[in-house]
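Chemist: Below are the chains, spelled out letter by letter.
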Amino acid sequence: MGLDCLFNPKSVALIGAAHTEEKLGGVILRNLLRFRGRVYPVNPKYRDLMGLKAYPSVGDLPEPVDLAIIMRPASEVPGIVSDLRNRARCAIIESSGFAEIGEVGLQAEVKRIGEETGVRILGPNCMGIYNPYKRLDTFFLPYERLKRPWKGNVAVVSQSGAIMSCLLGALRTSNTGVSTAVGYGNAIDIDEAEVYEYLADDKKTGVVISYIESVCDGRRFIEKAGVLSEKKSLIVLKAGKGQSGQAAAFSHTGRLAGRYEVFHSILKQFGIREAGDFDDLIDATRALSYQRPSRGNRVCIITNGGGSGVLASDECTAQNLEVTRIPHDRAERLRQIFPHFYGINNPLDLTAQVRDEDYILALDGLKDDYDGFLLIALPNVPGITERLAEMVRAAMVKINKPLVFYIPSGGVARRLIAGLERIRIPVYPSPERAVRGLRVLLDNPTVKQSNSY
Amino acid sequence: MTIQGADNILKLKDFIGRNRGRGAFLEHEVKGLLKELGLSVPDGIFIGKGVQPSAFGPQFSALSYPLVAKVSSSRITSKSDVNGVKTGIRDEGELRDAVSGLMEIEHAEGVLVEEMAPYGLEVIVGGVIDEQFGPIVMFGLGGVFVELFKDVAFGLAPLNVDGALWLIRQIKGYRLLEGYRARQPVDIDALINIIVTVSGLMATGLIGEIDLNPVALYARGAVVLDAKMTVAVHKVV
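Protein chains in written order, with the working numbering: chain A, 1 to 453; chain B, 454 to 690.
Next comes chain A alone, as it looks inside the complex (with noise of 0.2 Å):
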């Protein structure tokens, strides 16, 4: 694969790294420590640092190197890219400096110099690479700043590199793990449609999501993400999206065409999923993450609280999601198992009065005639426990599925919580952003447009 030296390295060397993490290039260095490969440290100052042998500079290095990484200022980074020609294979450039501050003539010669010397470049302006497989971690933030996620199946890939410490810390709150996460920066060279093309075919990634602020080339942007949308889950999230059209343009059609609202309009063509905000991307790739996507929209909604079930089909509906009737042969049956005061519906109202064992005979009854289940438990009464969570998973091997929980806080709610997402059931605090997880499990993006692509 072209850019396994930047997602895969064996081997790593990093320009400008310090003895002490008061620098960002100690920073770098103690989170290269845990790597499971080999790493160089280069600074002319030092002859070992945090315990490993450093180098001058890169002519020095025992071997060329996959990647190298660099650290210093802005104005030596076009000099150490020259520096690199047949001495690695790939760059990340972290340093700041460039056409984010003005810098423009000293980002081009950067380009320029990269294109000469065949390195391939991610950055400048950027994090880098969290990859926990390998243990490969670039960026300049200690872990005792910034938990990272644990290994799992979502590549996360963002333009900004403070919004990519916002989303590793909301996904790892979410429970949600990674498989890689790449912060591209200013990309010069690499862009985000490069790195989804790398994405479709990296088999530990199941889900991406993608931070933008802007994308350099459009066109080449929607094919690659239409490309990987039809082998993974992409999810987007767009920002800027108050920019108008040109107020000075010749057309009324110039005038409307808004960078955002071109931009959404765009993806929807090509079937390519948008996150509204940030609470639901984190939502969605959870839910994304854990269970696979399935069609239909006939929802059946469990629920031991008649106005929660209300609140969650009010947003099935807002969702076009059809919270259908259940048929009458399993309403009658459902009325020979429950006690009277059951509300056999959909919602199908289990009152106060319900026992774990209650959900799991609904599921059992209701499995072949809908698409996906959400089941609400508020847990502030005694016949919910713990226990639920074994007994979905039991009821879920049959039942196959996408599957939601609503649980707000109190009472068991924790333990239930954490045994429910650790069998990879997604629960939310509120019925719906529970809906709204369940939408996406059923979402069929919409199909490709056929256009002269």
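The hints are simulated quantities; they were obtained by calculation from the structure and are not laboratory data.
Ideal placement from N, C-alpha and C gives every residue a C-beta, glycine not left out.
A portion of the hints provided could be inaccurate.
[Claimed, not checked] Stretch by stretch, here's where chain A covers chain B in the computed footprint (C-beta under 8 Å, at least three residues):
1. 488-499
2. 586-599
3. 608-618
4. 654-663
Mind docking chain B on chain A? Use the hints.
Modeler: Relative to the frame of chain A, chain B by itself:
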């Protein structure tokens, strides 16, 4: 690409070639091009500045009243802002008055006299070159819907028939096209043809901006009531 599409591109290149060095065109020129490409425009006559309407006497008799007269200028972006449209002209006397009045407007290069189109559902079909995506097309409902609610959708050009239908269905007011309440459904195929044609023109990269605004949709057919166009400053590949 369809044979029709390839043929349209030749006609566009020919049009731009004939007008080399010009950035924007007058309404009757754009409409002439659209007519060549098979789209419907109202029957009309362009009177250049300094030419007397009486010189067109026999041709006017080919048009049926009521007529509409509109100021033509590559420097006027909104005709209504300069009071540049006179509608409901019923006879030759009114026509003469309207034309001479419109010729007085600053920057006027002439007046376009057309048959008044019957009432139809008004939509906008346009195209621009987007900074990130290159040539794109836009579709929306006209009038207050586009002004107030910005109920428009965009698509990457070119679009085929399926793509054009997708674009039409993106707007919130789509049901109006299907015949909401007592209205008759409009001719969706005619609208699709317009969108496909405009998207094909945009995809050449030769056009900078184009507005077909409004396009009147009828139970049968669709007529481009106003049109403007500029050529691209740089050719987008």
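Chemist: Would you list, in rising numerical order, the hints stated earlier that this structure does not obey?
Modeler: 1
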